[in-house]
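Chains as they are written, first to last, in the numbering used here: chain A, 1 to 597; chain B, 1 to 582.
The set of hints was computed from the structure by calculation and includes no laboratory data. Careful, some of the hints might be misleading.
[To be verified] Taking beta-carbon pairs under 8 Å as the criterion, some of the chain A residues facing chain B (in silico):
(1) L71
(2) L119
(3) G165
(4) R222
(5) E233
(6) L443
(7) L448
(8) R473
(9) G477
(10) L496
[Said to hold, decoys possible] DSS-like, lysine-lysine: derived pairs with alpha carbons at most 27 Å apart:
(11) K184/B - K10/B
(12) K286/A - K478/B
(13) K561/A - K576/A
(14) K561/A - K478/B
(15) K52/B - K561/A
(16) K532/B - K576/A
(17) K408/A - K561/A
(18) K286/A - K52/B
No experiment lies behind these values; they were computed from the predicted model shown. Glycine is no exception: its CB is placed at the ideal position from the N, C-alpha and C atoms.
What follows is the residue order along each chain.
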Amino acid sequence: MFHGEFMPPEEEERAQGRAIDYLRRLWPFFSPYLGRIVAAGLLLLVSSGLSLLGPVLLKRAIDVNLARGDLRGLAVTSLLYLAVQAGIFAATYFQLVWLAQVGERGAANLKRRLFEHILKLPMSFFDQNPSGRLISRVESDTEALKMLFTRTSVVLLQSGLMLVGMSVIMGITSWRLYLLVAMLLPPFVLAFYLFQKKVRPVYLEVRRRVADINNLVVEALRGLPVIQVFNQEGNFAARMDRLNRQKFTGELKASYLWYAVWFLVDFGELLGIGLVLAVGGSWALKGALTVGTLVLFISYISQLFAPLRAISDQINIMQRAFASAERALKILDQQPEPAGRITGPLGFNRAIEFERVWFAYEGEEYVLRDINLRIGRGEKVALVGETGGGKSSLIGLILKFYRPQQGKILFDGIDLQEIDNDSLRRLTGFVPQEVVLFPGTVLDNLRLFDQAVAPEQVIRAAERVRIDESIRRFAQGYDTPVTEAGANLSLGERQLLAFARALVRDPQILILDEATSAVDPHTEQLIQEGLRELLAGRTAIIIAHRLATIQLVDRIVVVHKGRIAEQGTHEELLRKDGIYARFFRLQFVEQEARTDG
Amino acid sequence: MAKGRTGGLKLVYDFWRRHIPLAVLLVVLTAFASAVAVAFPYLLRLIIDGIKSEITGRKLLSYVLILSGFGLARAVADVLLPFIRGRTNERFQWEVRSGVFSRLLYFDYRFTNRFPSGDAMERLDHDLQELSWFACSGIFRFVAGALLALFTLVMLLRMNWLLTLVTVVPVSLGVFGWLRLGPKIYGLFMRWREQIAEINNQLQSAFAGIRLVKAFVTADGMSRRFTETLNRRVGLAVRETRFEARLQVLYMAIAELALLLVLWVGGGLVIARRLTLGEFVAFNVYQLMLLPTMFDIGNLFVTGRRARGAEERIRELVSEDFSIRRGAAELNPVPGEIRLERVTFSYEQVPVVRNVSMVIPPGRKIGIAGTVGSGKSTLLRLILRLMEPDAGMVKLNSTDIRELNLTAYRQLFGYAPQEPVLFSDTLRNNILFGRQADEARLWELLQLVQLDGDVREFAQGLDEPLGERGTGLSGGQKARVALARALLTQPEIVILDDATSGLDADTEQEFFARLFTALPDRTFIIVSHRLKVLSACDYIYVLDRGEISEQGTPAELLSRSGLYYRLYERQLLREELEKLDS
Ligand SMILES: Nc1ncnc2c1ncn2[C@@H]1O[C@H](COP(=O)(O)OP(=O)(O)OP(=O)(O)O)[C@@H](O)[C@H]1O
Ligand SMILES: Nc1ncnc2c1ncn2[C@@H]1O[C@H](COP(=O)(O)OP(=O)(O)OP(=O)(O)O)[C@@H](O)[C@H]1O
Ligand SMILES: [Mg+2]
Ligand SMILES: [Mg+2]
Chain A
1 MFHGEFMPPE EEERAQGRAI DYLRRLWPFF SPYLGRIVAA GLLLLVSSGL
51 SLLGPVLLKR AIDVNLARGD LRGLAVTSLL YLAVQAGIFA ATYFQLVWLA
101 QVGERGAANL KRRLFEHILK LPMSFFDQNP SGRLISRVES DTEALKMLFT
151 RTSVVLLQSG LMLVGMSVIM GITSWRLYLL VAMLLPPFVL AFYLFQKKVR
201 PVYLEVRRRV ADINNLVVEA LRGLPVIQVF NQEGNFAARM DRLNRQKFTG
251 ELKASYLWYA VWFLVDFGEL LGIGLVLAVG GSWALKGALT VGTLVLFISY
301 ISQLFAPLRA ISDQINIMQR AFASAERALK ILDQQPEPAG RITGPLGFNR
351 AIEFERVWFA YEGEEYVLRD INLRIGRGEK VALVGETGGG KSSLIGLILK
401 FYRPQQGKIL FDGIDLQEID NDSLRRLTGF VPQEVVLFPG TVLDNLRLFD
451 QAVAPEQVIR AAERVRIDES IRRFAQGYDT PVTEAGANLS LGERQLLAFA
501 RALVRDPQIL ILDEATSAVD PHTEQLIQEG LRELLAGRTA IIIAHRLATI
551 QLVDRIVVVH KGRIAEQGTH EELLRKDGIY ARFFRLQFVE QEARTDG
Chain B
1 MAKGRTGGLK LVYDFWRRHI PLAVLLVVLT AFASAVAVAF PYLLRLIIDG
51 IKSEITGRKL LSYVLILSGF GLARAVADVL LPFIRGRTNE RFQWEVRSGV
101 FSRLLYFDYR FTNRFPSGDA MERLDHDLQE LSWFACSGIF RFVAGALLAL
151 FTLVMLLRMN WLLTLVTVVP VSLGVFGWLR LGPKIYGLFM RWREQIAEIN
201 NQLQSAFAGI RLVKAFVTAD GMSRRFTETL NRRVGLAVRE TRFEARLQVL
251 YMAIAELALL LVLWVGGGLV IARRLTLGEF VAFNVYQLML LPTMFDIGNL
301 FVTGRRARGA EERIRELVSE DFSIRRGAAE LNPVPGEIRL ERVTFSYEQV
351 PVVRNVSMVI PPGRKIGIAG TVGSGKSTLL RLILRLMEPD AGMVKLNSTD
401 IRELNLTAYR QLFGYAPQEP VLFSDTLRNN ILFGRQADEA RLWELLQLVQ
451 LDGDVREFAQ GLDEPLGERG TGLSGGQKAR VALARALLTQ PEIVILDDAT
501 SGLDADTEQE FFARLFTALP DRTFIIVSHR LKVLSACDYI YVLDRGEISE
551 QGTPAELLSR SGLYYRLYER QLLREELEKL DS
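Here chain B stands alone, though its shape is the one from the complex (with noise of 0.2 Å):
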């Protein structure tokens, strides 16, 4: 077999590896099942044979009963096989989804740039469905379907081997021509499934964005699109259809051939007498029991190449390892300064922060302001270790990031990001995130971010379910989940980037004196554009196309006209007031 060697299927191999007794067991079974079909039509030969040359009543009788004995027994096979091979392929398929999963959730962005989301559940849904069938029922399919012929041969060449070789001629036949035609359709079949992502995308666009297909009236343009991807899919479903249809007249005339000349070849060598009546009618039941296995043969190659596309697929979402290297060290970092030395970085290598240098001292509010793209966000995702610098490091009381624990590193963080996140969950569940902690506490974080009032109006309070499938939270309410979640552990440094800015001006500020009011003496790093957030810090750096421009207290960035006095220059509507002054 193709597995292993090649490199392809690494993951049923693997599978396997970890399962052998279930292989053993299943190779047993398997063989069992097939001597017990073969010795089937034999007994029905002894019975009608029996029936020719006018055996007793009694005879008969316990040859019937011996018959449905192996009966029962081919029935318990039947039944048992296929359950088991079901069973392991979900097993299977269970393994591997969990196992992929879990990988995925220690990558950075360098896998979601890469892969939709959408597209990682489909491979982790459909082409995951397609390897787990191959992983056991293809795989033991053959091997069932390879004995069968192989034990019915044996029982044909000993009756007649005349008969034997014209039974086997259209069966190898029929081997033979799925091989060559099978994979024909797997072509067809991927350009379909192309075709349904094409238009269930088309579906997505049109209706998630239905404001705008409306405002900029393109629903025209839309049908227009979408009636062309469906021509293109009928067409080729026809096709495949007509392939399709081909295939399966083909194989309605390998059987009916094989029928006829069993027929016709073992009917002479009857009437010739080198053949008794029941030898003819085995020969005519073996047969219809050798035709199915030419599927079997064959499509252990046919959809053992799907199969090993689908591997591809699903293996490719976790051949690059895009962790974060966890440490060599592993040591315990100890909340302190943090500081960051001549950091670069770039993504797909357009470089979007430069030389960067910062200090952040504990206990101080900094800010963070900055032109459009300026890096601000990025900036606070290499501090959070969401991803690694090109050049220059982070560093804790002047140990390298890298060097500590992870884990323990990132406990030390509140992290509100600038598109608040929630999960089809409770609003509780978001809040806590895995976390413990007591309803009194959670009610003083909701006081905190002013979302009691709303809660208490929710039908089912904390209770309430969000997301996908519950209701949906305005803009602003779902800004201040996400501050809650942050704020939940009173973490040693708070990072908000921007996370405010879904709050009216009167909010915002009310929450901000509450937050400095309630974790006095933590570290704060705060992206905002707001000239209020910001002069409430202590200190600011000023990004502009990812390097520092300025930094300084805000009373000393305003007193120099810089970048910085120019940002926030109009916010201060000096003219206006002087208007009102006068």
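Chain A extracted, bound-state conformation (with noise of 0.2 Å):
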């Protein structure tokens, strides 16, 4: 019910598509920020710049102030070494933090536009999307966006310069010494590159096994008395601890790969230290260099590796950071919901008419077939028939939940579809057959944290659905928390709840699907006729399996099979002695005679 699904494991790892189209659909959620953007961007060239000169000055302090011992010199490098630094640090701190708030504001904006986008998408991308799912697109794949525009571009481009620039200055130094550190990169790269191919699947397996330890907390949490009396508390621990076990694996061998590339940087570092200083160190001997470019050299090679690294770590975060885009940007695609253009305070008049509606949720599978049905205002029908047959369906195109592939449903007189969605709902009160509770006090859940219904409207609802007292009687009243799936609560005082919530709204047209199955018969005859005076003048849709439910009202229309089998009053159905009659006796005509004889 609540708290349904938790993040589903990682799906498609690399978009389909191309970047830049997917860079050009999402820049109006940044472009508010331009200004900042441009600003950022010139400031870490600025303070890349000027990082490499740190080392200049200090080849410079060795080579120049120190070997001829000129203290002044020294001193005027340490100021320019000082001021260079003050411009990398100021330079630093006003790109992180500019580029930080537009991450978070553009994320943000998008966030808020695929959340309201989600809610108005209709029924069907529901049945096919969990809510787990869901989700993840509006969190974990903007967030994922947010690190491509606030950490992939600056450290790509931060390491790009890094690495152009160190070039630059070693090849102005020595090209000759630089043509052999040169010689050593392209190896590594390849490394890096075959590292992050390899290792990319074990992360993934990672993240699923995570997933299903998570998966495996959730439900036996929600399942454990079960467990308990099906003595499964072993089984399940072992279930953990297997789990445990393959993410331990799992991560042992991201590791084995992540150490071995580490060590290859560590190698590679030596390797070009060991080669400036044997190589680099006889031309010095000869006098062909002096001790500063070797030093220079020595601090430049121990910074060559890690532009490298992060450039290849970055390029596959962007390439999941595009797939987050393409899944995100499939959801803005998809068509809300149609609105009609029917809008404003709709008053419900003569009646509800479905004329020849046949109804599939997917393809040619007809749920509804040639349904014909007149509900007049202020009348009070019940659905009845076998599960499955295709009665909460109907309701849900009265709701327009979801519209028919053929016939129409007119009310008073228009058609459904040209009415604006929420006007047409706003008319009505709906208990679902499922109970949906939310995270927060029975008096929240009752008027769905709407602050401006008052809480003497919420009470007169408890107090028609009996349920008031029953609230009373909790540890804290209204403000009792409702816990996780409303499991401190019997089911049939949720069921009780989820009725209150509907009449809370007052409605003109009350829907109620299977509203007290679970409720004792007693209760739900004192509800029946608090309902009678309430619903006087009110048109009410009433689903039950129980025959008893339906007293009120003035006709039944039984659905079979995905068509109306008959309808009429309770006296004209038994004398018909159709489905209804059949439903009637097994209920309670032979009961009858077993216990008065």
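Join these two chains into a complex; the hints should help.
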């Protein structure tokens, strides 16, 4: 029911489309902050450029100032260095802050847009997408995109600049020594690339195991009584241990790869330093090279591998971010529920009419066939019939959750599709077959967090469905928190809450889908007596398995295998001796004979 | 170190007590790695000074080779240590998660009332990750940092005390600063995580309850709440980045200041010939090595505090023992008569079962009827010993069930709860549920619960995956899977908590008919709102607000005009029948 799913394992890891198209479509979420983006970019250039100067000054200090014993020169160099650093600090600070602001705001824009859009999508979309998946669309995918803007772009730019800058400076200082160092790089680039390719499926596997573990925790805690009654504690513990082991092995496998690369980098660094010292050192001995140059090369070599690795890491992250972008944008591409053009406060005056309505959730599998039905204003109609007959589906059409493939539904003579969804739904009070409770208090759930609804109004509704007295007996009355899936309430109490919630809105059309199936007949009886007066002049559509539930109604409609098999008053239908009469007899008549005899 | 004594970080402390050899290995390796790391700049210095004093090419080469050897050793240690640390972190995670989870499995409603499953999941995921990093990496990086700093200090002091001072001051400044500022980041981070939880919560509510959101036209209100939360989160995140950026710049400044000081003072010393150029370069390198340790050293306290928070959140799950106490006597139960004697029970001080006495003789069908929230399900849970009565007792064959072996006692029962519970696994495993049965028995069972036809239509039959990632079942189908699970072992006592209310009248009638034929001599305890089901029972108890208001055979109860009669008078629909007759 509630807290349904959790993060499903990652889906597609690679985007199918072109990166530039995604960027173009994502741009509007970030474009309000163009100024900041440009400024941050410039600052990035400045700070990267300046940071290259550090080792150059160090070289100058060694080769020029120290060699000549020039203390004043050293002071000048130091001051220069200080100035350069101050510039870097300022540039870094503002660049970090501005980009983070842009990233956060842009991601928030995208999240809001996605959320609002998803809520407007048709019900069929939700049938296909479990809520866990939608959550990761709104939350994780946008976060991945934020990282793309705030981190990946920075790292790529910075690392690229560093590489180029270092190469240029080393080349100018001693191109021969630089060639020596440069020869080392290609194998490493290749190694990084191979590493990424290998480690990606391993991480995917680990993420799947984490999802499995989380799933197991949630399922086990929800099903705890069942696990205990069936003595399955040991089995579940063993299952957890197995998953933990699998996660452990996966992590180990990833870290083998990880440290192999790490080792490679250390090794490369060593190789570079060794080479520079051996070859460059011999040149220096011959006087072909200064010691300052050697020091400069050594300090660059240890900085050379970091950007290389960063770039290859970010390319991987980038691919994943584009896959995220694709998923998020696909959702924005979905057509929202078609909203009718007739808006504004609506009245219900004459009737809802079904004219030869056919409906299928998927393809040609019709669950409603050729439905003709008229529900007049002020009428109370019951829908009865076998499980899976199509009763809930019929209600779904009235609420415009779905639209029929053939035929028409008329609302006061107007095609239902022309009427604005929200205006129509505001007329109704709906109790769905499955109780939905939100985390919050009993009161929150009754008024759906709408502070504008006065508590008195809520209490009146609760009194009507005979739940007020029970609520007052709870530890904190109306402020009692509803625990997960309403587990601290009895099932009947949960149903009555959902019922009361529909009445709080004082609806013109009341739609009850098995609203009292877990409620005892006595309480139900009391509720119906209360409803009789409330429903005077209003319309009601009531689905029930228990025939006792439907005494209020003027007319009974039997929905059988997607068709309306018969309709009429209780007496008419009994006299007809059809499906309804058989149902009725099954439930009561036999019984009657036994207890009387 | 702060562990152990204060009672905090007990999980970490216990872990290391179980793994003493590993701890020793790590200490030795860490010391070795630090020593090698410290030797490296020293060799570098020898080479540079050598070049300055124009040593021979051969000598230079041998220096370089030695240097390379040390470098290789360092590289190995550099890889081996983090690898072992990472492995240990994971090992810790595994042990703690399995350990905590297997305890939770024995807890009763007091736990689930307090911790939503998502919350528990979160704690066993993110909090545990946080803690597990600290458990090994946090501690041993501190050790490594401290040792490195110590060795470096010795090396530096041997070269020049003035320059040592100049080197150490900024680093100490860094450690001190991190100690002051680190916790602030933690505070921001925690608040930020709360916002994320809140956002997830709102998303989950909206998407899982979409029917309600649409029917009640609350999308706008939801969007508004969502936007407010988002704005709060942006504000917080921006504040966090500003703080972090400031910190980052501060640390860059400290590092640069340190380098500059060495350059400046060291340069002066070189010019004054009180320091060789090689020593000067070595100082530079040592300094670069020393700088990162200021985080590792400070981190023990910063992440230590975070780890302690995380540890508390994990231990909170098991801090109170919510499990059913296993009996001291552990007697083996023999099926027979169950008797409730003046049983009283409250959930969180709200009494829901009061002074209930009942007799459930073997081989009889006992019905329980009652109003909404009158305590029927609670009573069944007490019989199953899913929780303990506050007063009174449940007896089996005149023995208090608390003295019986709990596992053996529960094996007597088959139970279908009011709402079917399914797990994401195959249909077969959901029915078998850890027990054994052959194919024929399963199909016999499917027939009994009238699910055989449905299963034949499933693409994978009994191996159809259910739940989260599997296909969905209709409410009626789920109910029948739960019934099959309850009946698999032909248990002595069958408890059905309104488990057939999702079925239509036809199916329900047929089910009970088949059930009573299949298990003729078993005991049944059946909660139902349907007269038809109740009248098939031998004896009925009627509950009202936690008390037994009536009891008797179905016929007796109908002839009295008590609650039972009132409950079911409408179902009898006498007038209607009379009308039909006339
Ligand atoms: N979201 C959906 N997607 C696809 N098929 C669906 C969906 N909801 C219902 N169905 C199918 O449509 C048919 C009619 O279902 P519906 O829920 O309308 O029956 P019902 O009469 O309300 O049954 P019940 O009494 O069990 O509630 C069933 O075969 C069901 O499996
Ligand atoms: N885990 C819980 N924590 C706190 N209160 C609870 C919990 N479970 C049930 N209650 C309360 O105890 C009372 C009895 O609940 P119980 O589920 O036993 O009723 P019931 O007779 O089975 O009702 P129903 O006919 O609706 O199933 C109810 O008022 C309910 O709110
Ligand atoms: Mg339905
Ligand atoms: Mg119950």
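If any of the earlier hints don't hold here, list their numbers in rising order.
-> 3, 6, 9, 12, 15
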